[in-house]
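There are 2 protein chains.
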Amino acid sequence: MTLPALDHRDAAPALEELRALLGDRLSTAEAVREHHGNDVSYHEGALPDAVAFARTNEEVSEIVKICARHKVPLVPFGTGTSLEGHIAALAGGVCLDVAQMDAVLEVNAEDLDCRVQAGVTRKQLNEYLRDQGLMFPIDPGADASLGGMAATRASGTNAVRYGTMRENVLGLTVVLADGRIVRTGGRARKSSAGYDLTRLFVGSEGTLGVITEVQLRLHGIPESIASGVCSFESLEGAVSTVITTIQMGVPVARIELLDEVQMDACNRYSKLDYPVQPTLFFEFHGSEASTCEQAETVGAIAADNGGGEFRWATKPEERSQLWQARHDAYYAALALRPGCGGWPTDVCVPISRLAECILETKRDIEENGLVAPIVGHVGDGNFHLVYVIDPNVPEEVARASAHNDRMVKRALALGGTCTGEHGVGYGKMEFLKAEQGEAVAVMRSIKKALDPDNIMNPGKVLSV
Amino acid sequence: MTLPALDHRDAAPALEELRALLGDRLSTAEAVREHHGNDVSYHEGALPDAVAFARTNEEVSEIVKICARHKVPLVPFGTGTSLEGHIAALAGGVCLDVAQMDAVLEVNAEDLDCRVQAGVTRKQLNEYLRDQGLMFPIDPGADASLGGMAATRASGTNAVRYGTMRENVLGLTVVLADGRIVRTGGRARKSSAGYDLTRLFVGSEGTLGVITEVQLRLHGIPESIASGVCSFESLEGAVSTVITTIQMGVPVARIELLDEVQMDACNRYSKLDYPVQPTLFFEFHGSEASTCEQAETVGAIAADNGGGEFRWATKPEERSQLWQARHDAYYAALALRPGCGGWPTDVCVPISRLAECILETKRDIEENGLVAPIVGHVGDGNFHLVYVIDPNVPEEVARASAHNDRMVKRALALGGTCTGEHGVGYGKMEFLKAEQGEAVAVMRSIKKALDPDNIMNPGKVLSV
Chain A
62 MTLPALDHRD
72 AAPALEELRA
82 LLGDRLSTAE
92 AVREHHGNDV
102 SYHEGALPDA
112 VAFARTNEEV
122 SEIVKICARH
132 KVPLVPFGTG
142 TSLEGHIAAL
152 AGGVCLDVAQ
162 MDAVLEVNAE
172 DLDCRVQAGV
182 TRKQLNEYLR
192 DQGLMFPIDP
202 GADASLGGMA
212 ATRASGTNAV
222 RYGTMRENVL
232 GLTVVLADGR
242 IVRTGGRARK
252 SSAGYDLTRL
262 FVGSEGTLGV
272 ITEVQLRLHG
282 IPESIASGVC
292 SFESLEGAVS
302 TVITTIQMGV
312 PVARIELLDE
322 VQMDACNRYS
332 KLDYPVQPTL
342 FFEFHGSEAS
352 TCEQAETVGA
362 IAADNGGGEF
372 RWATKPEERS
382 QLWQARHDAY
392 YAALALRPGC
402 GGWPTDVCVP
412 ISRLAECILE
422 TKRDIEENGL
432 VAPIVGHVGD
442 GNFHLVYVID
452 PNVPEEVARA
462 SAHNDRMVKR
472 ALALGGTCTG
482 EHGVGYGKME
492 FLKAEQGEAV
502 AVMRSIKKAL
512 DPDNIMNPGK
522 VLSV
Chain B
62 MTLPALDHRD
72 AAPALEELRA
82 LLGDRLSTAE
92 AVREHHGNDV
102 SYHEGALPDA
112 VAFARTNEEV
122 SEIVKICARH
132 KVPLVPFGTG
142 TSLEGHIAAL
152 AGGVCLDVAQ
162 MDAVLEVNAE
172 DLDCRVQAGV
182 TRKQLNEYLR
192 DQGLMFPIDP
202 GADASLGGMA
212 ATRASGTNAV
222 RYGTMRENVL
232 GLTVVLADGR
242 IVRTGGRARK
252 SSAGYDLTRL
262 FVGSEGTLGV
272 ITEVQLRLHG
282 IPESIASGVC
292 SFESLEGAVS
302 TVITTIQMGV
312 PVARIELLDE
322 VQMDACNRYS
332 KLDYPVQPTL
342 FFEFHGSEAS
352 TCEQAETVGA
362 IAADNGGGEF
372 RWATKPEERS
382 QLWQARHDAY
392 YAALALRPGC
402 GGWPTDVCVP
412 ISRLAECILE
422 TKRDIEENGL
432 VAPIVGHVGD
442 GNFHLVYVID
452 PNVPEEVARA
462 SAHNDRMVKR
472 ALALGGTCTG
482 EHGVGYGKME
492 FLKAEQGEAV
502 AVMRSIKKAL
512 DPDNIMNPGK
522 VLSV
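In the order they appear, the protein sequences are chains A and B. All residue numbers for the first sequence refer to the working numbering, where the first residue is 62 and numbers rise by one. All residue numbers for the second sequence refer to the working numbering, where the first residue is 62 and numbers rise by one.
Just so you know, the hints here were simulated from the structure itself, not pulled from any lab data. As the structure is a computational prediction, the values presented were derived from the model and not from experiment. It cannot be assumed that every hint is accurate.
Identical copies look the same in the list; a pair holds intra-copy or inter-copy alike.
Said to hold, decoys possible - Below, computed lysine-lysine pairings styled on DSS-like, alpha-carbon distance capped at 25 Å:
hint	residue 1	residue 2
1	Lys509	Lys494
2	Lys470	Lys423
3	Lys376	Lys184
4	Lys470	Lys494
5	Lys332	Lys376
6	Lys126	Lys509
In isolation and in its complexed conformation, chain A is listed as follows:
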């Protein structure tokens, strides 16, 4: 992706004040800036002038006030695992790293909620919760920070049952562009009290404020978890299985699709022997009886749609083995072309259009000689692909880019969205306009009202 051209502002006077505030928790070291200016995607990075490591809400507020006074941009940073250029410091300025804000502040086991600082990662939280029989199910793959997951409206494999960050964030502490510390939402499971600011900040990608604390909804660890894998004669059969499963209201926890290219990659990479066919990975949560019933129901649906035998796993170690193939999908894809890089992208369509969208996308991949395995959170109609491309061949990058354009437009034409879970960053701003039309002007009005000087992660989501 071409880096958008934004004017850099002189950060020096702000950095001087920040150094007085933070001491050695302000870094201008090249390596640190490098690390914070590049995400794990294929989008070009851009280095901040400095990286600030904050520890408290009040400190974040002071940092923001200094930046605001000097009109210096500020880019919030969790773990840098976003995928659409979210953290590139397009106009320089300060990267605000929340990794040291890593305290679990409260767990209310009876109410199934907790509050954490933004830098707590999802794995850290789940470790913390395990002894209490609780879990936080949202799993985007990476061990992302919960602040970052809220900021990008993350979801992942469990969303079909448990929802996304949209449904699982109860409230936030946010530092606004003028340094005000604001709490949104609360601990009640529902509320009709005023505008839903929580949902406004969830998914705003750091452009409206810095998320410093997250109040989360938790779930009990299910009594029984069963995982199963089923290969299909055709992609249509796999997708029909998904549609019927969802329509029948089977409360499936995960339904993941891997196409035959990805299965081949996974077999090679993880030394497995799955059929090289479109394949569904399932997980069922519930009581013993309920997971059995769910498994039987889905087994029957799959059989009706050309599905083969299920491979089942119920013990934790069997389950992790079975999911290994899914979790290693990205590395397996990269291993198809050693020395190449990966460019992940995603779209999401109404489920009834999923087969059509994937099949046309695959045809387009083949016709253009690209290597791009497909995996999908198909219970939600969401699928990803990874372009495995040679970074030294600009023509190849351009070919992938053109394919991505067509795929997004295809998804929009089918009633879908330009991104199901990766977000907009600077990589999908043009697609956002194509999808949301006049609504983008409304987003811009809100941005201007809350960040008139455009210091919060400028050049992301909206070009402003």
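Fit chain B to the supplied structure of chain A, relying on the hints for placement.
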């Protein structure tokens, strides 16, 4: 509630233009204005200068543009069943009634979604869907319009399983304060594309724009539905049953609490013979086996907490009979004091604090000689009470008002919200400030950005 004092603006020039646009679909008849200026709550109404009946997005846009040009207020109106003075035309102006916008625009059965005009009511939609095996579960009691339900973030008895309007609105068509027609969200089950405008308009109570179309998430009608009623020795026992049920992840569809005062009222009103004790009404949705298992699990939990025998109902007619007591609760309450009026109010707290909150509230009711039965959507920690008061005795109204103040403050002190589902209207604006603090200033910035002349339902949610 005292009516907030707002300046009336001269509506005459706007009405002239509106009459040219709408003909006899603009009414200035006293009876029509009376009907549209009063909701079903105890809050004082205020009549609009005229009522406009729109039929299309474009017509709504024209109406709004006329009002905007003359800076005349506009109050959107669904069925007038809101409860916090939402529709009182505090500054006069035009009431925009969407009742004639009653078309179901599309149903996508495979994708479990549909799009309706704002005036379609929830019962109308469910009638329409039944033959396809689909349902829209959100049930606030009244047969409200879906536009109004979106605008007030309605929920009700099924929210514990299916969520509220927040979770079930996929997208909206909204006419903004300048007449622009904007679409938000879309049909994809999830999206990370830009700010969540859908959730911003859901619950904005007509203060940010007029909702004209709603894209909704649907659900399959469950294979099996079982309802049961269980009386408890103590309120604590009933609430502990709820907490354990939720913690164990039993996917219960409804858990409703009626206190002994309400049960007494229901017995008298509906000629029933339930024990005059705190009582839980349950409903379980799922497969035959799953509802049985849920019922058994909950039965065991209830027995551990001083619950008596369950009365079960699985046939539709038995179920409706059983739920009759719950549905007639409001009228049963009113019948306790013939000739009196009802003032419903609600709060929502974390479930672990529910017993405490209800018990203190009941003590306060008794100490102040009020008649105020309690019902609650306790799976969410949400409960309501209805003050049954004599409208001709101001002292009685004042006593109820003071009690309401204390109850809301109690809920806030326990980590709750001033309203779980009724909304803010003009009845709870002060409580919103107490609850949300600085966040109210952020709401105000957004309101000013989207409605600079404050023509959209002025004096509600925010005093501005």
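Now for the hints, and whether the structure bears them out:
{"no.": "1", "hint": "Lys509 <-> Lys494", "result": "both (17 Å within a copy, 24 Å between copies)"}
{"no.": "2", "hint": "Lys470 <-> Lys423", "result": "within (15 Å within a copy, 58 Å between copies)"}
{"no.": "3", "hint": "Lys376 <-> Lys184", "result": "within (20 Å within a copy, 46 Å between copies)"}
{"no.": "4", "hint": "Lys470 <-> Lys494", "result": "within (12 Å within a copy, 44 Å between copies)"}
{"no.": "5", "hint": "Lys332 <-> Lys376", "result": "within (21 Å within a copy, 54 Å between copies)"}
{"no.": "6", "hint": "Lys126 <-> Lys509", "result": "both (17 Å within a copy, 23 Å between copies)"}
Taken one by one, the earlier hints all hold for this structure without exception.
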